[in-house]
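Chains as they are written, first to last, in the numbering used here: chain A, 197 to 533; chain B, 1374 to 1657; chain C, 844 to 1128.
Hints should not be assumed to be uniformly reliable.
Simulated DEER-style distance windows between Cβ atoms [stated by the list, open to error]:
| id | chain 1 | residue 1 | chain 2 | residue 2 | range |
| --- | --- | --- | --- | --- | --- |
| 1 | C | Leu924 | A | Ala375 | 20 to 26 Å |
| 2 | B | Leu1438 | C | Ala877 | 51 to 57 Å |
| 3 | B | Pro1465 | C | Leu900 | 31 to 37 Å |
| 4 | B | Gly1554 | C | Ala877 | 25 to 31 Å |
| 5 | B | Gly1386 | C | Gly944 | 56 to 62 Å |
| 6 | C | Gly917 | B | Ala1504 | 40 to 46 Å |
| 7 | A | Thr258 | B | Val1403 | 40 to 46 Å |
Since the hints were derived computationally from the structure, they do not count as laboratory data. All C-beta atoms, glycine included, are put in the ideal place defined by N, C-alpha and C.
So the chains spell out like this:
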Amino acid sequence: MQRFSFLCLLACLAVAGLAPSFDAHAGTTLLNVSYSPTRELYDEFNKAFAAHWKSESGQSVTINTSYGGSGSQARAVINGLEADVVTLALASDIDAIAAKTHLLPTNWQSRLPDHSAPYTSTIVFLVRSGNPKQIHDWPDLIRPGVKVITPNPKTSGGARWNFLAAWAYALGANHGDEAKAQAFVTALFRNVPILDSSAADATSTFVQRRQGDVLLAWENEALLARAEVGSDKVEIVEPSISILAEPTVAVVDGIADRHGTRKAAEAYLRYLYAPDGQEIAAKHFYRPRDPAILAHYAKTFPKLDLVTIDAFGGWPAAQAKFFADGGVFDQIYTPGR
Amino acid sequence: MAVDRRASPKGLGSRLIAVSAASFMALFVVLPLTLIFQQAFADGVSRYLAAIADPETLDAIWLTLLIAAIAVPLNTLFGVAAAWCIAKFSFPGKNILVTILDLPLSVSPVIAGMVFVLLFGAQGWFGPALAAHNLKIIFAFPGLVLATLFVTLPYVARQLIPLMLQIGRDEEEAAIVLGAGGLRTFLRVTLPNIKWGLIYGVLLCNARAMGEFGAVAVVSGHITGVTVTMPLQVEIFYNDYHTVAAFAVASLLSLLGLLTLLLRRWLEVEGRGAVGAGMKGLPT
Amino acid sequence: MTVSANEGSSFRFGRRDALPGFSPTLGLTLFYLALLVLLPLSALVVSASGMRWHQALAYLATPRVISAFRVSFGISLAAALINGVAGLLVAWALVRYEFPGRRILDGIVDLPFALPTAVAGISLATLYGDTGWIGGLFAPFGIEIAYTRLGIFVALLFVGLPYVIRTVQPVLAELEVEAQEAALTLGATSRQIFRRVLWPPLVPALLTGIAMAFARGVGEYGSMIFIAGNRPGLSEIVPLLIVVKLEEFDYAGASVLAVAMLFASALILLAINLLQSWERRRHGG
């Protein structure tokens, strides 16, 4: 008898606990499914947007966020994670969502300015303070004894940008010889001791667990790491050539419509392009699109020689060639060294 | 139980064994535990408390407690029912039943999580049906509970079955013959006998439910404050340069583990060896 | 866990048993198991059959997969064997000797059971990393522990140890002291006593403990992701490979791997059950 009443009590507790999750919010709730390095950015941006939305529309909005490797997050959305907006590392991941779920149109990228990338970044090298292994450019990465940290291109968006930047260098240095370029990236990955699943994991491996000699990182991750642990621990090396990394954002129409959050979701993304949003992005080490704000932060963001994804024929071509099953990345990874 | 005739280790061989045993344990078990608390308090007590009071941490704690509050009673109910029919009766296919019951223990937790995605994910068997009714299972609370139910399913049953087998059915049969009803027999005769084993099974089930990582990680969706449990929060903090916070949450989970162990000790003394009769093959 | 036949009357359709409650409890049990275990696992099998037989086998034969299985099963076996030796030592010390701190040691043995794997993971990764308390001792010699196969080995030692100890301990404790003393009075040497009286009943228990530690090690995930290097072909374990496949949208591949692991685990489980039956029969209870 006592057990029975105890069970009843538990059941009541459970129901009471579940109640909040039945969307009892007075106001709108948005879920932003994002990729791992943007945590600090969206922590601040979400607060700013909530205040902005309140003053604009009088409505209060709650923004929930989820972070993980860009590819993994895309998979989660495909599997049913109900993102009102996605802010991922590259267009290819959002393309995958569009193709597999039809929750947004395949021409989503043209709906927002600058190919739906309100801020950009690039790939740089993060090395130990004093650069003991003397790493100055791409060729240094394939020297024997140099340990390179980069995440897994199959799951991490940042890793794919890393790979393409390396490929761009190798192709240029070898006058367009693809076989030699492949040899270069093969040698590069031979020097990679650990493959984490996301850019943030890789950064953590390099910075906190002190593994490896050089981290191939998003510029914003590198700048953040330097700010967090100090320039007496790590320093940034700009390679001779890198890639313009465009993390893209999109409203997931099917879900936003179902939740009735379309207006808020669209406003949320547009706010990223507004001066306030651009300022926050720049503060968190993302290169803003707004030229005035970019000029203001010129010291943080040096000019680099950058190729774009168009040099690879766009993401669909690049994804198929390099990262799909049996693509270049699969070919170069030989196990059991 | 054999006669307890322990002696102090005499002679070099015995001393060596005792010392090696103690050193091995200290090195491989005690040291990691100590490290957790050392790292958690590395920045002082106030930072430790601040990490615990962080809204993300509190959300994670509440979520973890809630999941356990649902999963553990359900599995206890199941465990008792399963133990009753398996231990007190004989029927064909019993061994198969027991093997199925054991399966969640031997399945890697990521597989456990994955199968629920296969079933309830948007691309899964029940995906379209769930979407049509606007029901969220995966990447929401119900998914977390299901994954936890799966991985902790056998614990209570495994404790009770050998125990009830050992006890036999004579007492219950006697009670029935004397005119007691089924439920009464269970409550008055069976329950007191299995009390300590049951409690221990519930303890283990609970410890595992709160500490589960792999299965939950796959079905969680990592929605901050909504579907992030304590173990997941440890990983998030750890990867975010918040080492102290990560170890602070880890220390809470460790305390839970230590508490479970202490209670087991105490139960052993009370139950005089009845506990742990079926204790084999456990967590992840 | 096998169930031996010392319970009561067998079930005959239509005949009422002396004890009530059979049907409802069996019904509930079957329902619960079908819903929570059989249904999900059959989804797995069906998903794996998205790949045809020869495709699946070809996939399992790829170097990366073979390497992952070798790492998972090989290192788990090694760790289980070492745990067998160490566990026997510890169990011996706990059962036979009295020394200060024995009770505490006895309690601590269960710690890897009770500690969540993620917690164990970050702790071990920190401990055995380059700047950790233990890792730091080896680093100057160029020996890396965390993020290598050695790290996986150490972590599996941690999680598997209690299995051996807790399986061997009760058997050791039960061995009749009188039998040993009788053997002594009959003139047997210590070595003979060990070999003829103690060792035979210990073997099945030890094997069972090792098998369980092995099974656990193969499926371990939570602690692995913090301490394994995840490098394909070198330090990538099967559960991690499954997650990678999942994250690449390769459900069929992930399911095939999962089924292969399940199959191997089922074999191990069967072996454990058989071992335990053997133990019961030989040892008489």
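Taking the hints in turn, this is what the structure says about them:
1. Distance hint check for C:Leu924 and A:Ala375: the Cβ-Cβ separation is about 46 Å, which falls outside the suggested range of 20 to 26 Å.
2. Remark: the range hint 51 to 57 Å for B:Leu1438 to C:Ala877 is contradicted by a beta-carbon distance near 29 Å.
3. Our hint of 31 to 37 Å for B:Pro1465 and C:Leu900 holds, since their Cβ atoms are close to 35 Å apart.
4. The beta-carbon spacing between B:Gly1554 and C:Ala877, approximately 29 Å, falls within the hinted interval of 25 to 31 Å.
5. The hinted range of 56 to 62 Å is not satisfied by B:Gly1386 and C:Gly944, whose Cβ atoms lie roughly 20 Å apart.
6. Look at C:Gly917 against B:Ala1504: about 43 Å separates their beta carbons, and that is inside 40 to 46 Å.
7. At about 44 Å, the beta-carbon gap between A:Thr258 and B:Val1403 stays in the expected band of 40 to 46 Å.
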